[in-house]
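Listed in order, the protein sequences are those of chains Z and W. In terms of the working numbering, the first sequence opens at residue 1 and continues consecutively. In terms of the working numbering, the second sequence opens at residue 1 and continues consecutively.
If you're looking for bench data, these hints aren't it; they were derived computationally from the structure. Even for Gly, the Cβ is constructed at its ideal location relative to N, Cα and C. Each hint should be verified, as a subset may be incorrect.
[As the list claims (entries may be wrong)] Calculated from the model, a selection of chain W residues having no Cβ within reach of chain Z, i.e. all distances over 12 Å: (1) I19; (2) T32; (3) P59; (4) P82; (5) W213; (6) P234; (7) P259; (8) I275; (9) I316; (10) L345; (11) E377; (12) S443; (13) S460; (14) P503.
[What the hints assert, rightly or not] Each pair of labels, with its calculated beta carbon distance range: (15) Z/E499 <-> W/L372: 46 to 52 Å; (16) W/S454 <-> Z/L513: 57 to 63 Å; (17) Z/E499 <-> W/T406: 43 to 49 Å; (18) W/P64 <-> Z/H331: 53 to 59 Å; (19) W/K6 <-> Z/A240: 55 to 61 Å.
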Amino acid sequence: MNSGTQLPASGGIFRKGWVVVLVLAAMCAGGLALRFTNLTNPPLDVHGWRQLRSAILARDYYYQSLPDIDPILRQQAHAFASSLQVLEPPIFERLVALTYTVIGGEKLWVARVYSILFWMVGGLVLFFIVRRLVSVSGAFISLAYFLFLPFANTHSRIFMPEPLMILLILLALAASVMWIEQRNWLWAILTGLFAGLAILIKVFAVYFVFPAICSYLLVSWGGRKVFHNRQTYLVLGLSAVIPAIYYFVLNPGSSGNYLQTWTLPYLHLLLQPTFYIAWVHRLGGLLNPVLLITAILGITMLPNKARLMAGGLWMGYVLLGFSVPSLIRSHIYYNLVLVPIAAISLAALGERIYLLITSQNKFWQAVFWVVVIIGLGDAALVARKDLTQPEYHGEPAFWQQLSTELPADGNYIGLTEDYNTRLMYYGWRYVSPYPYSFDQDMVILAGKSFDVSQGNWKYFLDKTRNQRYFIVTMLDEFESQPYLKTILYGYYPVVVQGERFVVFDLMNPVNPLPVSIP
Amino acid sequence: MTARLKSINFVWISLIVLIYMAAAGIRLFDLTDPPLDFHPPRQFHSATLARGFYAQMSPPATIPDQQLAVMTAKSELWIEPPILEGLVALTYRIAGQDSLWIARLYSIFFWLLGGIPLFKLVRTISSRAGSLASLAYYLLLPYSVIASRSFQPDPLMICCTLFAAWAFLSWLKEPGWRLTVLAGMTAGLAILIKQVAIFPLAGFFGVLLVAQWGFKRSIRDVKTWVMLLLAITPVLAYNLYGLWIDGFLKSQFAMRFFPEMWTTAGFYLNWLAQINITVSLAAFLAAICGLVLAVCHPLGLGLFGWLAGYILYGFIFSHHIATHDYYQLPLIPLVALGLAPLADLIYNQMSSPLYQFRAKVAVIALFSFACLYGIYEVRNELKKVDYRNEPVIWQTLGQRVDHKSTAVIGLFSDYGARLNYWAFLVPKSWPGQDDPDYNTIMSQPDTATTYFESQTAGYSFFVVTDMAGLDRQPGLKDILSDRYPVFAQEQSFIIFDLRNPLPVTVDGNQ
Numbered sequence: 001m002n003s004g005t006q007l008p009a010s011g012g013i014f015r016k017g018w019v020v021v022l023v024l025a026a027m028c029a030g031g032l033a034l035r036f037t038n039l040t041n042p043p044l045d046v047h048g049w050r051q052l053r054s055a056i057l058a059r060d061y062y063y064q065s066l067p068d069i070d071p072i073l074r075q076q077a078h079a080f081a082s083s084l085q086v087l088e089p090p091i092f093e094r095l096v097a098l099t100y101t102v103i104g105g106e107k108l109w110v111a112r113v114y115s116i117l118f119w120m121v122g123g124l125v126l127f128f129i130v131r132r133l134v135s136v137s138g139a140f141i142s143l144a145y146f147l148f149l150p151f152a153n154t155h156s157r158i159f160m161p162e163p164l165m166i167l168l169i170l171l172a173l174a175a176s177v178m179w180i181e182q183r184n185w186l187w188a189i190l191t192g193l194f195a196g197l198a199i200l201i202k203v204f205a206v207y208f209v210f211p212a213i214c215s216y217l218l219v220s221w222g223g224r225k226v227f228h229n230r231q232t233y234l235v236l237g238l239s240a241v242i243p244a245i246y247y248f249v250l251n252p253g254s255s256g257n258y259l260q261t262w263t264l265p266y267l268h269l270l271l272q273p274t275f276y277i278a279w280v281h282r283l284g285g286l287l288n289p290v291l292l293i294t295a296i297l298g299i300t301m302l303p304n305k306a307r308l309m310a311g312g313l314w315m316g317y318v319l320l321g322f323s324v325p326s327l328i329r330s331h332i333y334y335n336l337v338l339v340p341i342a343a344i345s346l347a348a349l350g351e352r353i354y355l356l357i358t359s360q361n362k363f364w365q366a367v368f369w370v371v372v373i374i375g376l377g378d379a380a381l382v383a384r385k386d387l388t389q390p391e392y393h394g395e396p397a398f399w400q401q402l403s404t405e406l407p408a409d410g411n412y413i414g415l416t417e418d419y420n421t422r423l424m425y426y427g428w429r430y431v432s433p434y435p436y437s438f439d440q441d442m443v444i445l446a447g448k449s450f451d452v453s454q455g456n457w458k459y460f461l462d463k464t465r466n467q468r469y470f471i472v473t474m475l476d477e478f479e480s481q482p483y484l485k486t487i488l489y490g491y492y493p494v495v496v497q498g499e500r501f502v503v504f505d506l507m508n509p510v511n512p513l514p515v516s517i518p
Numbered sequence: 001m002t003a004r005l006k007s008i009n010f011v012w013i014s015l016i017v018l019i020y021m022a023a024a025g026i027r028l029f030d031l032t033d034p035p036l037d038f039h040p041p042r043q044f045h046s047a048t049l050a051r052g053f054y055a056q057m058s059p060p061a062t063i064p065d066q067q068l069a070v071m072t073a074k075s076e077l078w079i080e081p082p083i084l085e086g087l088v089a090l091t092y093r094i095a096g097q098d099s100l101w102i103a104r105l106y107s108i109f110f111w112l113l114g115g116i117p118l119f120k121l122v123r124t125i126s127s128r129a130g131s132l133a134s135l136a137y138y139l140l141l142p143y144s145v146i147a148s149r150s151f152q153p154d155p156l157m158i159c160c161t162l163f164a165a166w167a168f169l170s171w172l173k174e175p176g177w178r179l180t181v182l183a184g185m186t187a188g189l190a191i192l193i194k195q196v197a198i199f200p201l202a203g204f205f206g207v208l209l210v211a212q213w214g215f216k217r218s219i220r221d222v223k224t225w226v227m228l229l230l231a232i233t234p235v236l237a238y239n240l241y242g243l244w245i246d247g248f249l250k251s252q253f254a255m256r257f258f259p260e261m262w263t264t265a266g267f268y269l270n271w272l273a274q275i276n277i278t279v280s281l282a283a284f285l286a287a288i289c290g291l292v293l294a295v296c297h298p299l300g301l302g303l304f305g306w307l308a309g310y311i312l313y314g315f316i317f318s319h320h321i322a323t324h325d326y327y328q329l330p331l332i333p334l335v336a337l338g339l340a341p342l343a344d345l346i347y348n349q350m351s352s353p354l355y356q357f358r359a360k361v362a363v364i365a366l367f368s369f370a371c372l373y374g375i376y377e378v379r380n381e382l383k384k385v386d387y388r389n390e391p392v393i394w395q396t397l398g399q400r401v402d403h404k405s406t407a408v409i410g411l412f413s414d415y416g417a418r419l420n421y422w423a424f425l426v427p428k429s430w431p432g433q434d435d436p437d438y439n440t441i442m443s444q445p446d447t448a449t450t451y452f453e454s455q456t457a458g459y460s461f462f463v464v465t466d467m468a469g470l471d472r473q474p475g476l477k478d479i480l481s482d483r484y485p486v487f488a489q490e491q492s493f494i495i496f497d498l499r500n501p502l503p504v505t506v507d508g509n510q
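Here chain Z stands alone, though its shape is the one from the complex (with noise of 0.2 Å):
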């Protein structure tokens, strides 16, 4: 094995080019058939509110694009993404709100069809740079736990600027690996678009492509070359500009923000033994400990100048972790983007394996492939098991239905399922969100008190200001909750309430609250 321009050389029967076509032709259909089951199913399996936050948003642009949409929908629709917090700048969002255009209606599922096809393209290049570092049985293992781990099929179907922040660092690899090689203007120029892109459309792929491509270009160029390059600040410079216009000068402060709530507060974390075996502990659920451990013993097994790209990328991970120690646990889709890493770092363990089971006669061959074949075919069936199981196609008529049966002559506050977005975007219906329990429970782990089992009348007062209604409709809260129950049942009159829901009067308590208000 090498790293070096000319492509390594593979064995068993990936030596005739028309096998590797037909294999990879198979495993991608594999693994887009798979995603494409349960399609239509609303987008709740997953993280439902940062979905629907961003449905929200490609509504909000697909409705100003219509001429002749009623006014006050389309108003009504900017207001609810005006509600929604900036994150990353809605490239997604833009895509999915022009295809609706395209398409002439509203269909969530062509968003889950767009991060289907840069999860399957991503497969596709990641399946070029292992087989240009590695080989191609190399590629082909890595493109298998890609496409067929169970956890990388149910998030390569959401709506969130993952699947494509993965691409894009995937083709800023891509394009750094044949740059690097071959030392042109037009693979500078590529390395540093994807990459820059990359990084805008998530601010944490910063992490990925800079100690990856700079390992890779060290390593293969050496330090004098590499700062003598004019190539080099073209590259630096093109992903460092492209995001930076975005982040500090279209959205400045944002940043500041986020390490503000999400990473200062939670930095004692990091002294804690406990929050390592946390995140180990979810990792080895979503990656499966076994080939989690394998990949990581994989690394040692790459060829040099992978090694140095694959360790750039595990090191980029474990400085996001430690960059956001609660969202790395609390956050599945945080992993996401360990699923390619760990696809190259399995490559050359798995070749070996691979090399030296063909040395073997045929018959254990086959027995190799039956092992293959038992192998993917229990992750497709796992993974299509985790897409048809949760079944959300009722949820819209029932947040319909809960809209018109709610009271339309004040603000609501309350506790609704992903943080009020469903009845948002199904129910046409604004609820300011309620603090869940387990948001009390970051603020505890962010070193800041909160007793549930305390009266918490002041908080209470203060979060449900000026509000006239408040709503349940995840009673399981009230348990977690008990204070919250004791209050709104013990002095706030019901006004509605369902199998599944329950509203409370704010504004005619039946008893003279204990607390003035403020």
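With chain Z held as given, fit chain W onto it using these hints.
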């Protein structure tokens, strides 16, 4: 021996000792917690038998509830010959108490003992590094830690199976009479302890023998027949006695063979899911690849025979293999042995002079972390629930119904195992879903009442310990709560008094 070699040996031996200490340490954690963490019905079956034997061994009126202990033990049908139970009872007698942790100590000891033949076997196909990884997997895999603490014959069966495999492999190299007898006897013991051991052993012996000697020589050799005789005579004798002389085994052979499951996809998926729960499917498949790399060694081939035996066993016990995780226990040594060649592959790569020192350190650190993480996971699992209050709860229940098994019918969790062991009750179980027409009958109030009365006729108490099960049967729940007073209630049980139904009101309501 040079000083350097001595120092290398010292390091390897220290590592083995360290792994053994860790394995023993984690297994001894929470030792005295009652055995409800792993398949309670199966463990209480053995516990009830052992206590019964102990009561029988002891002079009359020397231990509390002696007669009840004998009576409940007699109600347990033997599955395997109660060898472990007998051994535990003997230890109870010596210790003067029937502490359940004694059985746990035996199981732990047998599992750890099994590590010796495993290590001897793996050394024939692997370097020290691979062997160490294999041993660490066998001893520290979280599932193996939990399962090897259970009062079941399985840890002893696995231990004997490994000794038999080692003896057989040694016999193939030097086919003398001493090893013939040793291999035959250890195999015979393994199969006697739990008959399913015949599958991996037959596969292992058969494939190795034919591959090494050829079919003709194998069947012409007297030692082969002697070994075979030693291996199957004990279990044949036990089965002959159990099936045709005493008859207690007849029920055990019923409801075990379901070939119709073979044609359903669910069977295979559930089987794979069970493998995943126990040894990790990824590790299992990787181990098969490892074995493919080792087929040039006799052991590698033999282990494919073991695998074939396991697969055959899965098809024969199709229901159990797809639903009972501990039926996959024979896979643990197989996977441990199969992973060794792969560990060697990585170690050999690291041993190259070009390899950087820090990479070696990283790999060793990762190996250590994986071991420690496994231990930590098990510790959390064992610490999660404390069952030490359970005996008192069930003893109270037993006292409330005066230990009269004939007076009690009910809906029990764990097939009534806790009730049986701690309350000395062998009550009748409510038929529930076992009756094919149950749902239809219970859906109509009239038929439900008639059915309930016919089933409970002559019983004084309806005991519910399976609360979730009662919630799933609203018809039964309504009858009990509407018509019968609660005689006693605690968090873990409700006793309804069937002797004093609530008075019926004029409009027909209770």
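Against the structure, the hints:
1. Every CB of chain Z is more than 12 Å from the CB of W/I19 (nearest about 17 Å), matching its label as outside the interface.
2. No Cβ of chain Z comes within 12 Å of the Cβ of W/T32; the nearest lies about 26 Å off, and the non-interface call holds.
3. Taking the minimum C-beta to C-beta distance to chain Z, about 52 Å, the non-interface status of W/P59 holds against the 12 Å cut.
4. Every C-beta of chain Z lies more than 12 Å from that of W/P82, the closest at about 37 Å, which supports listing it as non-interface.
5. Distance check on W/W213: its Cβ is at least 20 Å (rounded) from any Cβ of chain Z, clearing the 12 Å threshold; non-interface status holds.
6. Taking the minimum C-beta to C-beta distance to chain Z, about 34 Å, the non-interface status of W/P234 holds against the 12 Å cut.
7. Every CB of chain Z is more than 12 Å from the CB of W/P259 (nearest about 21 Å), matching its label as outside the interface.
8. In this structure W/I275 is not separated from chain Z by more than 12 Å, as the shortest Cβ-Cβ distance comes to only about 9 Å.
9. No beta-carbon of chain Z comes within 12 Å of the beta-carbon of W/I316; the shortest separation is about 20 Å.
10. For W/L345, the condition that its CB be more than 12 Å from all CB atoms of chain Z is violated, with the nearest at approximately 6 Å.
11. The beta carbon of W/E377 sits about 8 Å from the closest Cβ of chain Z, which is not more than 12 Å, so the claim that it is off the interface is violated.
12. The beta carbon of W/S443 sits about 23 Å from the closest Cβ of chain Z, which is more than 12 Å, so the claim that it is off the interface holds.
13. For W/S460, the condition that its CB be more than 12 Å from all CB atoms of chain Z holds, with the nearest at approximately 38 Å.
14. The claim that W/P503 is not at the interface with chain Z holds, since no C-beta of that chain comes within 12 Å of its own (minimum 35 Å).
15. For the pair Z/E499 and W/L372, the beta carbons lie near 48 Å from each other, so the given range of 46 to 52 Å is met.
16. About 59 Å separates the C-beta atoms of W/S454 and Z/L513, a value consistent with the hinted range of 57 to 63 Å.
17. For the hinted restraint 43 to 49 Å between Z/E499 and W/T406, the CB-CB distance of approximately 45 Å keeps it satisfied.
18. Here the CB-CB span from W/P64 to Z/H331 is close to 56 Å, well matched to the stated 53 to 59 Å.
19. For the hinted restraint 55 to 61 Å between W/K6 and Z/A240, the CB-CB distance of approximately 58 Å keeps it satisfied.
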